[in-house]
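We have chain A already, so just place chain B on it with the hints.
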Amino acid sequence: MQGSAGLMWIYRGYVVAFFLYLVAPLVAAGVFAFNDSMFPSLPWNGFTWDWFFSPSEPKLGLFHDGRLLQGLGNSLYIGVIVAALSVAVGTCNAFLFVRKEFRFKNALYVLMVVPLVIPGVILGISILVLASTIAGLADQWFGVFLTSLRPGIPLVVMGQFSFLVTITSLVIIARLEKFDISLEEAALNLGASRYRTLSTVTLPFLFPAMFSAFVVAFLVSFENFNTTLFLVGSDSPLTITMYDRMVKAGSTPVLNATSVVLMLGSGLLALLSIFAQRPKRA
Amino acid sequence: MSRDAGRLSLILLFTPFALWILLLIILPQIGIGYVSIREKVGINTYEYGFKNYFDFITEPVYRNTLLRTAWMSILVTALALVIGFPIAWYIAKIARERSRAALFLMCLIPLWVSDLVRAYGWIVLLRETGVISMTLVKWGIISQPIEMLYNDMTVIIGLVYTVILFMIVPLVSTLQGMDDALLEAGYNLGGSRVTVFRRIIVPYAMPGIVAGCIITFMLTAGSYLTPILLGGKNSSWFTEQIYNQFITRYNWESGSAFGVSLLVFTSFVVWAGLRLTGQSLATTVAKE
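Top line first, the protein sequences correspond to chains A and B.
Here the first sequence is numbered in this note's numbering, starting from 8 and rising by one per residue.
Here the second sequence is numbered in this note's numbering, starting from 3 and rising by one per residue.
Hints listed in this document are in silico derivations from the structure and should not be mistaken for laboratory results.
Be aware that a few hints might be false.
[Said to hold, decoys possible] Straight-line distance between alpha carbons at most 30 Å, and here's what the computed DSBU-like set of lysine-lysine pairs gives:
| id | chain 1 | residue 1 | chain 2 | residue 2 |
| --- | --- | --- | --- | --- |
| 1 | B | Lys42 | B | Lys53 |
| 2 | A | Lys255 | A | Lys66 |
| 3 | A | Lys185 | A | Lys112 |
| 4 | B | Lys235 | A | Lys66 |
| 5 | B | Lys235 | A | Lys255 |
| 6 | A | Lys185 | B | Lys95 |
| 7 | A | Lys107 | A | Lys185 |
| 8 | B | Lys140 | A | Lys66 |
| 9 | B | Lys53 | B | Lys235 |
[To be verified] Derived CB-CB ranges, DEER-like:
| id | chain 1 | residue 1 | chain 2 | residue 2 | range |
| --- | --- | --- | --- | --- | --- |
| 10 | A | Gly13 | B | Ala104 | 24 to 32 Å |
| 11 | B | Phe16 | A | Ser189 | 24 to 32 Å |
| 12 | B | Ile249 | A | Val23 | 38 to 46 Å |
| 13 | A | Phe152 | B | Thr137 | 51 to 59 Å |
| 14 | A | Gly13 | B | Ile143 | 26 to 34 Å |
| 15 | A | Tyr84 | B | Thr137 | 38 to 46 Å |
| 16 | B | Arg201 | A | Ser206 | 50 to 58 Å |
| 17 | B | Ser101 | A | Leu14 | 15 to 23 Å |
| 18 | B | Ile143 | A | Gly73 | 42 to 50 Å |
[What the hints assert, rightly or not] Partial list, computed: chain B residues near chain A (C-beta under 8 Å):
| id | residue |
| --- | --- |
| 19 | Pro18 |
| 20 | Leu26 |
| 21 | Met108 |
| 22 | Trp124 |
| 23 | Met220 |
| 24 | Gly224 |
| 25 | Trp254 |
| 26 | Ser258 |
| 27 | Leu265 |
Note that the coordinates shown come from a computational prediction; the quantities given were computed from them, not determined experimentally.
Every residue, glycine too, gets a C-beta built ideally from N, C-alpha and C.
Excised from the complex, chain A in its bound form (with noise of 0.2 Å):
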């Protein structure tokens, strides 16, 4: 757009103010992780470690502090279980939209995505429900009593999994629709099996998009809260635990060194997912 200059700096100006609005909340969360103070708040009183290493009260380390510990070792542990669930499901989903003809796809893909326009907490609600509902016939029937449809990690797992299948599948989808089904074809005609194409041809063309489609699906499940929130039992992840401790204890800049370390992680992982789609990128 052709302009004066005075405006295209007030433009510029505009966009720069923006992006300290983005970061503002960021920076401030990180850095009173190193404030040598009982409270994430000014004045300044020095660099510290301490809410990161210090092994006793009154600051506790973040790597020393069990329940935070705890909650960080069951994120990552729904994290990795949701995000291979919905990288299989999801790849299923793509080779079903793309390669396949049946009646009604058009109303079956609108229905596929139709989960992202639910909002977390209906379907946490929902899931929870439905869960308890057939928990309570079991027992009432059979006798029955099935723990993992009570609120547990199995029911976060459940419920996570619900809408995360929705993002993993459009973004295969996206990949396998740019592959070019005579590459298929030729490695049929030279004489491989449907298994050999699939496994040496097809898969490792669509692995970078299901690389990503993992690390977004951990990432949306680690920072969960909305769905989770309704599902948890005792096992609680780490964005539970960290609200819990907001609401109940107060903010001390443990909490901020948490947060750091996530930053730092989804960073790093964000990264990786970005490279592994670049190089192969026609």
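Only chain B this time, still in chain A's reference frame:
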């Protein structure tokens, strides 16, 4: 490939999809619909009817909370569009090739950080003993620390912050596809900036605008952490009512009625938005 093998692979691929949609999406929604129309009258005895919905409509607190959530979500969506569009335009059209990728990545950074961390960052900045308040006192601009948390303004700032990336990303990808020649043609034919914007840019960007608005609106209306942490106990956010009914009061019947109301309401807004702009879910949201 023989037809039987084709059918077999279709069934094998269809099964996980069907199980997922049926067991985790459709049945649970039917489940809360069912629970919402029953009422507990004794141990394991229920009556069926629309009493829960009736209570919901007649109790002003609940009704107003939903209206307030709706109104604020629409406001946040509009703000995100107005604030985000110039940024998306800058990234897609003005920035040079190299800085474009960097700016886009910078836009995505907060996306990778949990809602909780973002809300926590705002708390550290805005509360009475927070960074902004203390700095202003130190500089002598205000004489006493001020509490900037727990009001609607802060909730809106925090919500816009949480969702604006979901507005910018679809906008950038739509605008990047636009040929600059369209703009030149518009100017050459004597169009003013306003005309070019209204008649060329906006129609072209419409799928991106609609996709961004839908995602933003859904995320805002369904958000929990930001309004509660930044708005305090009296944020009156609808998801908080659902939580209270479900977890605090253990009243699943009315909690389900609330959930169904929220779902119906948000679906209606999404449907109306798609209708008004002539888009469909498959051409907007699924394009990401």
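Would you mind confirming whether the straight-line C-alpha gap from A:Lys107 to A:Lys185 stays at or under 30 Å?
OK: A:Lys107 and A:Lys185 at ~16 Å, within 30 Å.
For A:Tyr84 and B:Thr137, compare the CB-CB distance with the range 38 to 46 Å and indicate the outcome.
holds (41 Å)
Could you see if the CB distance from A:Gly13 to B:Ile143 stays within 26 to 34 Å?
Since the Cβ atoms of A:Gly13 and B:Ile143 sit about 29 Å apart, the hinted range of 26 to 34 Å holds.
Is the interface hint satisfied for B:Leu26? The criterion is a beta-carbon contact with chain A at less than 8 Å.
holds (4 Å)
Minimum Cβ distance from B:Leu265 to chain A below 8 Å?
holds (5 Å)
Are B:Lys42 and B:Lys53 close enough, with their CA atoms no more than 30 Å apart?
holds (11 Å)
Does A:Lys112 sit within 30 Å of A:Lys185, going by the straight-line distance between their CA atoms?
Given that 30 Å is the threshold and the Cα spacing comes to 20 Å, the pair holds.
Within 30 Å, alpha carbon to alpha carbon, are A:Lys185 and B:Lys95?
holds (26 Å)
For the restraint on B:Trp254, tell me whether the closest CB of chain A is nearer than 8 Å.
This hint holds: B:Trp254 lies near chain A, its Cβ roughly 6 Å from the closest one there, short of 8 Å.
Against the range 42 to 50 Å, how does the distance between the Cβ atoms of B:Ile143 and A:Gly73 compare: consistent or not?
holds (43 Å)
B:Ser258 was flagged as interface toward chain A. Is the shortest Cβ-Cβ separation under 8 Å?
Result: holds, 6 Å to nearest chain A Cβ.
Given the hint of 38 to 46 Å, is the C-beta distance from B:Ile249 to A:Val23 inside that range or not?
With Cβ atoms ~43 Å apart, the hint holds.
When the structure is compared with the earlier hints, no violation turns up for any of them.
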